[in-house]
Structures are given as structure tokens and as C-alpha cells.
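Mind docking chain B on chain A? Use the hints.
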Amino acid sequence: MPATQKPMRYGHTEGHTDVCFDDSGSCIVTCGSDGDVRIWEDLDDDDPKSINVGEKAYSCALKNGKLVTAVSNNTVQVHTFPDGVPDGILTRFTTNANHVVFSPDGANVAAGSSDFLIKIVEVMDNSQQKTFRGHDAPVLSLSFDPQNIFLASASCDGSVRVWHISDQTCAMSWPLLQKCSDVVNAKSICRLAWQPKNGKLLAVPVEKSVKLYRRETWNNAFDLSDSFISQTLNIVTWSSCGQYLAAGSINGSIIVWNVETKECMERVKHEKGYSICGLAWHPTCSRICYTDGEGNLGLLENVCGSNEKMSNSKVPSRVEKDYNDLFDGDDASNGGDFLHDNALEIPAFSKGLMHDDEDDDGLMLASGRPRQRSHILEDDENPVDVSMLKTDLLREEEDDPATNTHSLPLAKSQRPLYDGPMPTPRQKAFQSSSTPVHLTHRFMVWNSIGIIRCYNDEQDNAIDVEFHDTSIHHATHLSNTLNYTVATLSHEAILLACQSTDELPSKLHCLHFSSWDSSKEWLVDMPQDEDIEAICLGQGWAAAATSALLLRLFSIGGVQKEVFCLPGPVVSMAGHGEQLLIVYHRGTGFDGDQCLGVQLLELGQKKKQILHGDPLPLTRKSYLTWVGFSAEGTPCYVDSEGCVRMLNRGLGNTWTPICNTREHCKGKSDHYWVVGIHENPQQLRCIPCKGSRFPPTLPRPAVAILSFKLPYCQIATEKGQMEEQFWRSVIFHNYLDYLAKNGYEYEESTKNQAIKEQQELLMKMLALSCKLEREFRCVELADLMTQNAVNLAIKYASRSRKLILAQKLSELAAEKAAELAATQTEEEEEEEDFRKKLNAGRTAAEWSQPRPRGQAEEDAEDGQEADDSEDRPALHKHGQNSSQSTNSSDMPAVKSGAVTSSSQGRVNPFKVLVNSKEPAVSVNSARSANILDSMNKSSRKSTSLNRAANTEKSTVIKPLIPKPKSKQASATSYFQKRTSQTDKTEQVKEENPENTSSETPALCPQNSDNQRPKTGFQMWLEENRSSILSENPDFSDEADIIKEGMIRFRVLSPEERKAWTNKAKGETASDGAEAKKRKHVDESVETEEQKEAAKENLRLPKKTKASGLSTNQKLAAFAFNQE
Amino acid sequence: MDAAEVEFLAEKELVTIIPNFSLDKIYLIGGDLGPFNPGLPVDVPLWLAINLKQRQKCRVVPPEWMDVEKLEKMRDHERKEETFTPVPSPHYMELTKLLLNHASDNIPKADAIRTLIKDLWDTRMAKLRVSADSFVRQQEAHAKLDNLTLMEVNSSGAFLTQALNHMYKLRTNLQPSESAHSQDF
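Protein chains in written order, with the working numbering: chain A, 1093 to 2215; chain B, 11 to 195.
Source of the hints: derived by calculation from the structure; they are not laboratory data.
Small disclaimer: the values here were computed from a predicted structure and weren't measured.
You can take every hint at face value.
Capping the alpha-carbon separation at 25 Å, the derived lysine to any residue pairs in SDA-like fashion look like this:
| # | chain 1 | residue 1 | chain 2 | residue 2 |
| --- | --- | --- | --- | --- |
| 1 | A | K1782 | B | K119 |
| 2 | B | K80 | A | G1759 |
| 3 | B | K80 | A | P1788 |
| 4 | B | K80 | A | S1761 |
| 5 | B | K119 | A | P1788 |
| 6 | A | K1758 | B | K80 |
| 7 | A | K1782 | B | K80 |
| 8 | B | K63 | A | E1558 |
| 9 | A | K1900 | A | L1864 |
| 10 | B | K35 | A | T1842 |
| 11 | B | K80 | A | G1783 |
| 12 | A | K1782 | B | N116 |
| 13 | A | K1782 | B | A120 |
| 14 | A | K1758 | B | E74 |
| 15 | B | K63 | A | A1796 |
| 16 | B | K67 | A | H1566 |
| 17 | B | K67 | A | T1789 |
| 18 | A | K1782 | B | P73 |
| 19 | B | K119 | A | Q1551 |
| 20 | B | K83 | A | G1783 |
| 21 | B | K63 | A | H1566 |
| 22 | B | K67 | A | F1605 |
On the chain B side, residues computed to face chain A include the following (Cβ under 10 Å):
| # | residue |
| --- | --- |
| 23 | N47 |
| 24 | Q66 |
| 25 | K67 |
| 26 | V71 |
Distance ranges between label pairs, derived from CB positions:
| # | chain 1 | residue 1 | chain 2 | residue 2 | range |
| --- | --- | --- | --- | --- | --- |
| 27 | A | Q1551 | B | D121 | 20 to 28 Å |
| 28 | B | L170 | A | D1552 | 50 to 58 Å |
| 29 | B | T171 | A | E1810 | 56 to 64 Å |
| 30 | A | T1746 | B | D121 | 50 to 58 Å |
| 31 | B | I39 | A | P1773 | 20 to 28 Å |
| 32 | A | P1773 | B | D12 | 40 to 48 Å |
C-beta atoms are modelled at their ideal positions from N, C-alpha and C, and glycine is treated no differently.
The shape of chain A in the complex, shown without the other chains:
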């Protein structure tokens, strides 16, 4: 895999630069001719920390929190890192030093100067100096032997020398370079380097190749060169593992070799071809940082990606870095802040350290102090101890260099080196839609209710609360004396919490502005050593998760309620209505993944747990960034990769990805900061953030709306699109079922809209499959349809001359009808059972919430149903045959049930509500107690309408957030509903003008109605209704049609009339109810002519029943028409 070259960026003013990484590799440190040392979090860091070290900085080196720089006032200075506080002068020369390097243990610094001298100085005690004399020209560069025995140097006199550190004698000298008078005239700055770890090889850039010299023998082991190199090499560096060698040339090419195989791994060219004068490998990752002679900084990523060791260690440190960026921008070097426990920190860093301090490490192990490692790690603040310690160790080493060299490889081979997956640091607890705590101006929360901002600067520490809808509450300004860090907001209250301090315990503060009494706030102290980590608000309750793994519930007025244990440290919480969603750490994730669990509880009257700590699916190597509910109450969450997932209650509470915000981003570093999700209309509300993960408070960010898109395959094709739309519609209307189940109020029209939309999509898909000759697929699609749509599908199939398909579909329709009938009876039985158990105060209305009848297949597996479906026709027959309807009492019940369930009647705008209640009432009054059920059903709407005033209202039912708007809307939907019902009944009436109403039992015996469609005339009329209608479009009344039909029928020849009568007689098997249904179907069949009309017809009353017979008849009619 080739290395990815990030674009160069401005680092310093034009001139010589130098670069290095800090020990953990979390920062890039550069110095330049502007005299500044800059500490970059990353290449994208737009606000690097600058430390001014002098007028000009020639070279810098960093180790153990000490930053050593060679500056233009001829000194070598020390600064602390990362604070940049001057920490004294190490040494002086008569002119400036050109290169400074740390010894591998960090105890000494070597500096080479233009006054021909090289000095080694102890960092802790600058009186301990060793001077190396011998070069006859300015010293260009230096390199410490990792074993601390030798020092290599290059000079303008053309020689490269190796020195014994102990006695400052020259061990070897090669005349390799061109002679010149000064550094500025030198062709190459010849930054040479020893191989890390064992120091077996010394790499020297000479002309266009790198010469490698073997230790001790000092013979030229081999040369590394490449045809890509066209100019002299300036600099070489080893990777920390010692396997790779990178070289930079004066015309900007960077080459990486694998030293063992001598194979060239990477060839990269500087974008402008400037001279590379600084080159540094990341201590753990496979990335190289480089600077050029013009002050620019660049970065290569994924250098030598094949290296397993590197890729292993790359993951945690990168993730860690990302987190640092996100949560604690300032403390990148101090990973401990992010982590909960330091134990996790060690594995994350140890790798880097092992490479860095290989030698040192081995020594420690040998001396029986393995724990020292972690100690070193944590000691960014007090490096003194460490270096002292190291100095001690160094002395030991110097005492006995021989044994050390021998013991080293031994120690290395024995060290248990863990090469497996690395644990991921756990992400910290957060509030959804809040920006990092360390910011002086931050959002504490931005949700659908309002915004809470926190200002924490010198003059002011305050919290601003602003409501989107000023009718909820006016904006407020609070002083933040207790230093609240987490906040949340609902339409009832503001909830704030702060961490414990030395004196004060952690507090939960609630501003209950919707309270009707005068005291609007309460404050609760947590027990000692318990910190609130996450809070949330629901309707009438507040919850706080604490560091003691407890979840504390409070009522909104401040009553302490349940307390329960959390299975793991909380990550975030969200509340909506009665629902509480908790996300926590289930365990430790590996290789950048988080291991989260989720609990969903309902805290209503009937408390129950919906999700029992199930694993929360996240994109690989991502973490949770937002968790909450959609406005309609479906749990959703967003991960750091921008993937939005929503709970699919229709599929056993699984999580479905509904949007990927990254797809909408323009730039790589752009993000969307999610603030809310709405299911109806489908909106993902978020704030676009350019180049960051979260928005600044000023200028005030504007909310953008993204649409949802399910990740379906082949979204470019029509089929894929429709499939995506269909399933999206299904998922985004699951909440209606949920609301219905839990007794919430919702708009009937929304559901109807949804069903219509879904059926339309299915019809389109069916048409498409039909066109593609995919008949099996057609049947599969029809299986998803409602009864009514299936009938249309049959029609479509027969129209497009696919008789087999039509046959199959009609079978399916029959099956569906049977299932539906079974479900209905069962439902009724269930309802009865329920009612028996009911308390007296509870009305039946609440129990007859509408069910999704469209999906009749939902409880198909019940064996009971089959029996029921068989029972039904028998019943009907009975009702038909015995002219008096003693037990046919459940027939109208079924009918009116069907009427209720037909969620959309054909709305006739001219029909007024005058006698709307009449049929229902008349039915019910005449019927036995059984029928009262259906009355309740039809009158349930009125109950729900008046629920606000209804004292008997069930406590189970809590209306959603009381929006006056929604109330109105539901009222209108109620009226629409009623009209449709009425129309439906009236329509039935009109179809049978002779019998005023089939549903008025007093007037109409069941069988007389049943007899009706069997006459030849009736059949003929059914066939020809459309032609009558088309010729007399002004016929709105059924009676007119029949009259006209009569006239026409009489005109027919006697033979024809006879044929019709015979045909009618041939169908005596059909029972009355079915015939009646068939009539409906046929009517709809007749009235629509083309495929476009099919869509129209979806709005027709849902036939909850149809029979195979009617389809057969239709087929017959079709065949007849064909003739």
C-alpha cells in the first residue's frame, strides 16, 4: 500500500527547519528560522502551540519532557515540554550549534557547532561536559549510538567520524563528503543515523545513496540507492523498529527502504520539490513527518503499511489521539485524562516506549524493575525523577558496558511481547449534543426544546438557557457558581449537575419551571465519592447516572424514586416520555472498537425493561457521539463515523442504519453535529461543522436538515429505490404501532398516509416485476400488500394477461382473507377476555385501539386461527339459511369491525354528518351485549377526543406532549374518520336501495340482502356499471344507475338475459356476506380502468375480506371480456 501524502502546510517562515515527535507520538514538534518551536497535535491542527526559543532555531530534540534547541545566540537551551517554560542553558559555543541530539536514554545531549566542536552535556547537570575535538570545519550533524558507546558526526570538512564517548577519541573517520567552508555552503546537511535498538548499522547519506557501516568493524556493509533519487540526499532516519530507513533529498524526494531486504518501499516526492531538511518517524505509527527548507510541514501516512508490528500499535494510539482531539484538545499528551483508569493507559503506550527506550527497557528488566515503565509514562510533569533515575541507570551501564551489551539481546528475547489485539480506551461519559467541557464557550445541550450554553471565561462563569419555542419558557441566564458541567432540558425543567470538588459533593440541580407552585427549583447532593456522570429528563421524571454505577430516578418535583445498579460505567443517557435509554460500557473493546450495551426502560405505570442490556452495534473503530429519541419516541444513536441508527421495533428491537451523515459532508474533516431526529416528517436535524466535529457557539450555528437513506443495494436502479423507500416508510412508521400499543394519542391520518404510501410503492414494484416477467417476485410482493391492494394486483395481473400470476395471487388473497378473519375473531375474543379483567372504571374504548390490519400475516402461526376461519363461513351459512338471525348477531359486529378497520373510507365531501350515528346506533341498540363491543369501537374516537376532560380516563394512557396543534389535528382526523365511516355505511345502503340498510336488522332480514347479487340483472349490472357510469357521468346516485341499468337490461335479448341468470345461479355456493364483499370488490374493479386508476383505488375503503370466489368470478369476467 503506498503511503498517503498529506498536503504540505505552512509551519514556519522560510528557512531551515527541524522536526521530531514527542515520546508518545501524539504531537509533532517543529522548529524553524523564525525562532519558534511549534507543537502540533496533528497536521490539521490550526492552532499549534508556539514556544519562542530565540531569534533562530537550528535544531531541536525532545525527550522526557525536555525540549532542547540550538539557537542563534550560540547556546543550547532547555525548555520544558509541553509547557515551554525555559529550563536553563545547557552549553554555549562560540558560534551557533547546528545539530542537537538526545542520547537514547535521554540523559545526555550532544551538540555539534560551527566552531568545529562537539559537546556532550548531561541534561541534569550541565557542568558534566565532554568535548570532542578533531573536525576541521563546522559540524553538520550528530547521531548517538543506541548503546551509548559511540557518537557519529558529519562535518563540512568532508569527514564522517565515529567517536568513543567514554574517552572522546575518534574511532573511525571516513572522507565521504564534499569539503566546504560553512554549513550554508554545504551541499547536504548529512543527517546520519544509527540503527535503533542495537545500533548495528550506521546510515550516512552520501551523494545519491545511503551508505551503511557495520558497527565495530566499520566496514561498508552495503549501500542503499534508488533510481528515483536524482539529487544529493540530505537526511536519513530509521523507523523506531529499526527495520526501515527513510531518506530525504535536497530536491524533495523521500525514499523508504526495508533495510533487511534492501527493497525500496516508498518513493514520495515533495509537492514543490523543496529540500527536505527534517524527517522524523512516528515512534509507534507508520507515519513520517517531514519539513522542508522553506518552512513547510508535511506528513506521510501508512508508510510501509505491510508491517504488522506497526499496524498493531497504530490502532490504539490513533484512536486515542482522535479521542483526545474530541474530548480534551489541550491534553493530547496527557492521555490519562481521557481514560478512566490508568491501567488501560499502559498497553496503549507501551509499544511506543518499547521502541523508543529499547535499550533502557531491557536494562530495567534486567535490573528487576519492570514496573518502572508505567511510571515513566505518567511522568510528564515531573521528568526530573525519571531522568535522575535514568542517570543512575546510565551510570550502572557505563560502569559495565560489556555486560550490558551481552545481557541486552538476552533480555529482549525473554520479554513477553504481547502482539494480540490492543484494548481500546473507554470513551468518557457525555451528554448528547454537547460540546467538549474544556471549551470556554460551549453548548451544554442543544435539543428540540432549546439550547443551553455555558460561558466560562475570566470575567464570567454563566449558563444561558434559550428555548426554541418562547411559549414554553422565556430565556434565562444563570450564574454558574457551582461549575455545572452537564445539563439537559425538557419542556418541563432544566436539569444541571456538577462534579464533586474537595469540599462540595456532586450536586443535581433542577429548575422545574413548569411547576405551578412558587418554588421552582430543587437541589440534591450525591453521597460522598459519587459523581454524576450523565443525566436525562423524561416526562415527569429525571435520572442521574453516577460513578458508583448507580442510576437514580427522581420525580420532576424532586422526590427520590427508584435506584438501581448499572451493569457498567455509563456512556450516555436519554429520556423521552416514559422511556429511559441508557448506554454503558459492557466491557473493554479491542482494536479501536468500543464495547457498549444498551438498556431501554419504560417508567410509566407499568414499569418494564424493553432492552435488557443488549450490545449496541457501532461502526468499527468508532465511538458513540449522540444518543437520544426521535421526536416520536424511537431510540436513535449516532456514532463517530456519522452512522445514524434507529431502533426497529417492528423487527424484534433491532437497530437499523437510517442515515450516514458522512455521505453528506463535503470535506474529509467536515462533520454533522446531530441535534434531533424526526420521523414524521423524516428529518435529521443537525448542524454542519466545517473542519470540526462540533460547532462553535459564535457565530450562532444554523440547523440543517438531512434526509434519511437506508443502505439498500442497487439504489441507483428503480427497484432498489422503491425497495429503499418502502422499507424506510415501514421503519419510520413503526412508531405509530408503538404509540397505539402504549395508548398514546396519534393522528390516524398519518397512519393512513403511511399505509397508502407503502401500498402504492408495493403496487409500483409489482408492476415493475410484472414488466420484467418476474412472476414469483410479484407474488412475494403481493404477500406484503393489504387485502385491497392484492385485489388490485390480481386485476393488474389479469390485465397484463398473466393468468398464472393472477391465479397465484387469488390464492394468496384467499389465504389472506382467511387469516384476517381468524385474526379478527381472535381479537374479539381477546378483547372480551380483557374486558372481563378490566376494572369498572376503565372504559372499553382504550382497548380497541386500531391494529395494523394491513399486515394480517402478523400472527398467522396461531393454530387457533385455522379453526376460527373454518368456523366463520359455517356461521355465515347458518345466518344465511335460517332467515331469522338469532345468532347472526356477530355478523354485523364483524361488519362494523371491518368498517372501523377500513381506515380510509371513500370520502364523499357532499355527505354531511346528519345521520352519521344512526346506523351504528341502530345496529348496536338491537344487538346483544356482544355488539356493544363494536359500538365501543366506533365510538372510541369520541372518548379519546374528550379524554382530556374525561375523569374516567385510564391512567395507562398519557397523551403525548400536550401540543394544542396535535389536539386539533386529531380532532379533525376524528371527524374525517367519522365521515368516512358514515359514508361507507351509506354507500352500502345505497347499493341496496330496496332494502334500506343491510345493517338495520329491524328492517332487513339478513337473507334478503344475501339473495340480492344472485340475480342475473345484478351480475349484468356489475359488468356494465362502468359503461353506464362513463356514459352518464352525472349519475351520483346508485338508484339512477340501477334505473338506467334496468332499462338497458331490458333491451338485451332474452338469450342473453337467460345466460346471465344461469350464470348467477351457478354461483349459489357463495354466501351472502361474501357476495356482498364481492360486490364491493367488483365495484372497485369496475370503476377503475387503467393502471393509474389502480393507485387511485388504494384510497378506496379497505376491504378486510374478500374471497377466492370473487376472484374466480373476475377471472371469468375477464375471460368473458376477452371473447
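Below, chain B without anything else, positioned relative to chain A:
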């Protein structure tokens, strides 16, 4: 047409507001507006935006071009070019004036924007005067001016046409007097 009428026309321009109330779609002759969700940006005509702003029912989101940097660039471009350059909005002057008068608290750097728009306007008006001048001097029959906004046309249109009328009269009066004079001889 006078300036007030032009302003009236400009009030049809859509601007984005963030309402702090909740209201369903409203159906007007000019089209449907809304629905209004608190905290969610919505496009409404300027007249409604100003009305809502005056009643403190919304925050105005400044149009994209109402940004100091963009306007500076535009002004410089306008100054550099001989001809008229395209303006950010056909009613930029009216929009700026109305928004800055009524919603200056929602517009960052309102004063700078006011100055920049004034600069832009002045530059353009100067160009318009120069071109009118050369038009009259050279006694051209017609001229073409691109990228002029309605307000700009109105600012000089009425005067210029009337002035041309007068000049024509004067010129035609001059001619016969000359001929009369010659006839005297």
C-alpha cells in the same frame, strides 16, 4: 415608480428565519408558508420576516452574501470593473436596509455591512452617472446597461428620461430659431 414601490416589491424576496413559535403551514395567495417549527430555519418573504422580527417571534438568518468578506470582494470587483458587475441579490439594497434596520442584532458586523453596501451602491451610482453623462454628451440614441437593479434604475431613470425630454425640446427649439434666423436673411 418610486422607491417605496420598489421596496414593496423587494419585500417578496425570501429570507431565512428561525422562528421561536410553532405554527402549521399557512396558505396565502402568494403561496404556502411554513410549517414553522421552533428552532428550525424556514424561508419566508421579507415582509413576514420583518413583521415576525418586530414581534420578536423569530431570528433572522442573514443571507449568504451578507458577509463582510464576500461584500469586500464584491466592492473591490465593482471598483475595478468599468461596467456594472452582477450584484448578490436583485434587491440587495432594500434587503440590506430593511434587515439592518430591523434585525441588526441577528447580523454579525452589521455596521461594516452597512458601509460596504453603501460603498457598493455609491460606486454603482457613480458609474451610472458617468454613463448617463457620456450618453448625453455623445448624443447616443440608445445604450445598454447590464446588471442594474430595479432600485438603481429607478433612482435615475425618471430623472434621466425627463431630462432627455427637455434637452430634446431645447434642441428642437434651437433648430427652428436658426432656420428662422437664416430665413431672415
